[in-house]
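**Student:** Take a look at the letters that make up each chain.
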Amino acid sequence: MDPSDSELIERTLGGDEGAFAELVRRYQSAVWGTVHRVLGSSSENEDAVQEVFLRAFAALGKFDRRYPFGPWVARIATNYCIDQLRRKRSRKVQLWSELREHEQERLLRDLSMERGPVSAGPGVEDSEGYARVARALLDGLNPKYRAAFILREVDDKDYGEVAAALGTSEVAARFRVSRARAELQRKFRAYLRGCGAKERER
Amino acid sequence: MKRECALFDLYRDGELDDAARERFQSHLAGCPDCGSRLRMLDNLVFILKAEKIQPVDLASRIARRAFERAPAWDALIASCFRPKPAVAAAAAGVLLFAFLWLLPGNRTVSAYTEYEKLLNEAESSNLAGRLLVQNDSELLLQLVPLEE
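For the protein sequence lines, the chains are X and L, in the order given.
Heads up, the first sequence is in the numbering used here, so the first residue is 70 and it goes up one at a time.
Heads up, the second sequence is in the numbering used here, so the first residue is 970 and it goes up one at a time.
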């Protein structure tokens, strides 16, 4: 029978490197998901995943094993991503303007359509291109709102889980998701107005 | 913003009861704000969910790094600090006692205790005592006869 997380933690604290590797193996997909969804696709994601687990390792002695390990490590991952977003924010908000004009228009058109990319189904072509432009819309959101939005909307977590991952109350988690939705709508409209003005100029 | 628009999040989160959901759906049909927000979110979330994540197995590398950075003795120290309530409470007690005992203020307290004893003795000898501070730090007990 596979050892429990608690046993692996005990062995890790006793100096068993293999036990920690097994623990990482169990949760690395989840951490990859959080890092990728919150930070976006980047060559730095490997470093981010590694850093999350190194932080977890450093704090392992303080972890209360009466609670599950997964949400604890998810919280470390989310906090790490929020920190990274704060640091990189000034660079990230430039992304939208860095997009080529036809990419901007395509995203806005697809997002406004009654049956936008959804109608194309999961095998949608050029999903990487879509994701890139969709991320541009997310960039510039307050990192806390953005993380809450991703956890709730993309990872389908309930508000209790979102609150646990963010280390906040459920009320605050609801507020952040709601703010993120409203902010996205506001940005989306501003971009639409921008594109409309460009078309009128032509 | 219409009153119904305030229910957008509850609708989006599937937290409205059947009747309220139906009412909100009729509202959606006529409200460009909520309608476009819902479409935009649906499409955006679809795109984000369709993103392919290709995790690389980093487990062995991370574990090696962790133990390089923090060698076995470090883990051992960490294990010593794992919750052991009785030991922690005893250690905290000893530390607190040592700290309080070493505080300069505490010596003053014990000095006051000595003066209190003298004052009690003075009272029993029909004398009243007053504590005076001299040179900012020295305490002087002044004894005066009690008034009749």
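Check each hint, because a few of them may be wrong.
[What the hints assert, rightly or not] Simulated pairs of lysine-lysine, DSSO-like, Cα-Cα distance not exceeding 27 Å:
#1 Lys131/X / Lys1018/L
#2 Lys226/X / Lys1021/L
#3 Lys256/X / Lys131/X
#4 Lys971/L / Lys256/X
#5 Lys131/X / Lys226/X
#6 Lys226/X / Lys1018/L
#7 Lys157/X / Lys1021/L
#8 Lys131/X / Lys971/L
#9 Lys971/L / Lys157/X
#10 Lys1018/L / Lys157/X
Calculated from the structure, these hints are not laboratory results.
**Student:** Please go over all the hints and tell whether each is borne out by the structure.
**Tutor:** Hints, one by one, checked against the model:
| no. | hint | result |
| --- | --- | --- |
| 1 | Lys131/X / Lys1018/L | 34 Å, violated |
| 2 | Lys226/X / Lys1021/L | 19 Å, holds |
| 3 | Lys256/X / Lys131/X | 42 Å, violated |
| 4 | Lys971/L / Lys256/X | 20 Å, holds |
| 5 | Lys131/X / Lys226/X | 26 Å, holds |
| 6 | Lys226/X / Lys1018/L | 13 Å, holds |
| 7 | Lys157/X / Lys1021/L | 23 Å, holds |
| 8 | Lys131/X / Lys971/L | 49 Å, violated |
| 9 | Lys971/L / Lys157/X | 37 Å, violated |
| 10 | Lys1018/L / Lys157/X | 23 Å, holds |
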